[in-house]
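J.: Residue-level listing of the chains:
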Amino acid sequence: MTPIAVATRVETLSELLHTQSQITPDTTAAEDNYGNTLTYRELDELSGRIAALLHAHGVQRGDRVGICMPKCVNSVACIHAALKVGAAYVPVDYASPPERNRYIFTNCQAKVICTDEPRAKTLEENGKPIAHRLTFPGEAPSGIGSPELSSITSFPSHPITSSPSDLAYILYTSGSTGVPKGVMHTHASAMSFVNWAADTLRPVASDRFSSHAPFHFDLSVLDLYVPLTAGAAVVVIGEHLGKQPHELAEFIAAKSITMWYSVPSILTLLMQFGKLEDKDFARLRTVCFAGEVFPIQHLKQLLSIWPDKDYYNLYGPTETNVCTYHKVQADDHHRSTPLPIGKVCENCSAMIVDVASMTGGAGFQPVKPGEEGLLYIHCSGPTMHGYWNDAERTNASTFTDSAGERWYCTGDVVVQSKEHLTTTPGSISGREVEITTVRRRMQTRTVPHDAVLTFIGRRDRMVKRHGYRIELGEIEAGLHKLLGVDEAAAVASETPKGVVITAFFSMKPNEKAPGMIALKQFCAQNLPSYMSPDRFTMLERLPRTSTDKINYPELSRIAKEALT
Amino acid sequence: MSVNIQQVKDQLREFIVNSFLPGEDPANLLDDMPLRSSGILDSLSTLKLVTFVEETYKIEVSPHAASTQFDRIQDIADLVAHESGSR
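As they're listed, the protein sequences go chains A and B.
When we follow our numbering, the leftmost residue of the first sequence carries the number 1, and every step to the right adds one.
When we follow our numbering, the leftmost residue of the second sequence carries the number 1001, and every step to the right adds one.
Possibly wrong hints are sitting among the right ones.
Claimed, not checked - Covered stretches of chain A, going by a simulated chain B footprint (3 or more residues, C-beta under 8 Å): (1) 236–246; (2) 300–310; (3) 512–518.
To be verified - Residues from chain A that face chain B, not an exhaustive set, calculated with beta carbons under 10 Å: (4) T394; (5) S397; (6) S506; (7) M507; (8) R535; (9) F536; (10) M538.
In short, the hints are calculated from the structure, not lab data.
Quick reminder that beta carbons are idealized off the backbone N, C-alpha and C, glycines included.
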């Protein structure tokens, strides 16, 4: 029996760590840029002790555990601890305005929140904590564990058995009404993705995965769990280091990272400010990127600096995780248009729906290859697509077909190329049987797995910038809180360098307009930093349509004109 | 070589306003106003500011200095004066 075979057969995220820690107890499981390292045995033990503490504070199978901590080995252990007690973990942006994080933890009814001293104080309302808080060492974590943990001498030797249909985590993303929404994932949906990624990237025990994305961002699911399928290590990159391209480039080289995964904008920053030519990246073998379109001239520049790596463009909303992928080919080096989002992942099915048919009453009609349509995704396994405590929104974004399968509407308009790839698909594991069944049932309507998809644009007002999903409505709701603002509207413009967000606003009569400094400071206090607009334009009145709605096409035109 | 600190501050102010705060009155950008930590500059703007300082004053800004001594115009001008003086 080989180690990989055992680890990949498990059905839940919690079993993944426990199983692997028995196969490779003494190899490195996780390390961070504060000098902390944990072997598989140590990570399993530490998370077991934290799990015992969570249990002592009343956390039961089916509960939620909040995570508001800097990225380090301690926060990784807390995540595994939550899974070990059978709870779902809910990670938030450590640097987000406290009000937003309080909303999320209250909304998901977190039983316990793992945090640090500086943040613990912000998780109170009217002087009372919003949930029990477990505090760990603060901003520059040095040392492993926490004082409270030293009282825990025993810990469960085996995790509480979660069922594959139990919730594993909830990731909150931007919501159009101004409040974040919680995307739920079960162990089954997470494992479906983890197994697909392991089959595709084929990690080995000597691999060292980067963990650049914050834990509330779905890229982290690959970083945290795919290494566990092979006894590989995850190298956790703290928030501060992650934004310093020169130090980050040195860190990637010095730590011999072999698998990199981030949003394209970080790779662009590394190229522009990281002095990559001076450093040795021989160990790096695979570069994955996702979360936004990689501007083609930046990608080509990267391909010329690192010509010998495997590159994957991964695509998928938080609701499905990765659902299509494109491995960069030799002829991509000469492209002038963005990469395709590629082939449908082997664990998913895709359907491209004619937008016009959606309101016609005759049922959803798939488009023909070469025609644009709305992308729907179904993933194999008992997935539980949906939003926490929001059945209405869940129903609005999914539909159940006649075979009882649930499909998620990505909101992305895509086109299937007319020609199929001629390459032979790699062999996939024993799950093929199950996948084939799903595929056969759907055959008449679904996109063939060797077809190549290209992203065209969004159908609604959601944009992606630096890999983050941003509902323009949430920016507008934030700007309305600024004193004296009468109307606010945000638009996104595509430029060769990426997406630029312009905020338009008008002031109430006799109100003094805020300057750029005041606007930036206001946004920093009221919106997550990734949502802050790039540009602000004050107008006497916002343009209106004949039906008195804000005239967004006109605002887009003004924004575009200002950018050229 | 010694530098005129006031001149450096004014050059920094002009660069920051022109590049990142179009339309703002430079007089509103005070010497002791936090830039990065208050949200006036994001991480990309800070990197561009570091590049501007390195190219304009022909000094090298260490990653440590870029993350600890770059939050106020005052601090950056002191850094420029110190680095230029020590050559």
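J.: With chain B as the partner, please determine if A:F536 meets the hint condition of a C-beta pair closer than 10 Å.
T.: Holds - the Cβ of A:F536 comes within 10 Å of chain B, reaching about 8 Å at its closest.
J.: Given A:S506 as an interface hint, is the shortest Cβ-Cβ distance to chain B below 10 Å?
T.: The hint is violated - A:S506 has no Cβ within 10 Å of chain B, the shortest such distance being about 15 Å.
J.: Does the region 300–310 of chain A contain three or more residues whose Cβ lies closer than 8 Å to a Cβ of chain B?
T.: Answer violated; 0 residues pass the 8 Å Cβ test.
J.: Grab the minimum C-beta distance from A:R535 to chain B and call the hint holds if it beats 10 Å, violated otherwise.
T.: With a closest approach of 8 Å, the A:R535 hint holds.
J.: Restraint: A:M538 near chain B, CB-CB cut 10 Å. Satisfied or not?
T.: This interface hint holds because 9 Å falls under the 10 Å limit.
J.: So, A:S397 near chain B? Judge it on the closest CB pair being under 10 Å.
T.: Constraint on A:S397 not satisfied, violated at 31 Å.
J.: Should the hint that A:T394 touches chain B count as held when the rule is a Cβ pair under 10 Å?
T.: At 34 Å from the nearest chain B Cβ, A:T394 fails the 10 Å test, so the hint is violated.
J.: Answer holds if the nearest beta-carbon of chain B is closer than 10 Å to that of A:M507; otherwise answer violated.
T.: With a closest approach of 14 Å, the A:M507 hint is violated.
J.: Do three or more residues from the region 512–518 of chain A put their C-beta atoms closer than 8 Å to C-beta atoms of chain B?
T.: holds (count 3)
J.: Between the region 236–246 of chain A and chain B, see if three or more residues pass the 8 Å beta-carbon test, and mark the coverage as holds or violated.
T.: Contact hint for the region 236–246 of chain A vs chain B: holds, 5 residues under 8 Å.
Violated hints, listed in ascending order, are 2, 4, 5, 6, 7; each of the other numbered hints is respected by the structure.
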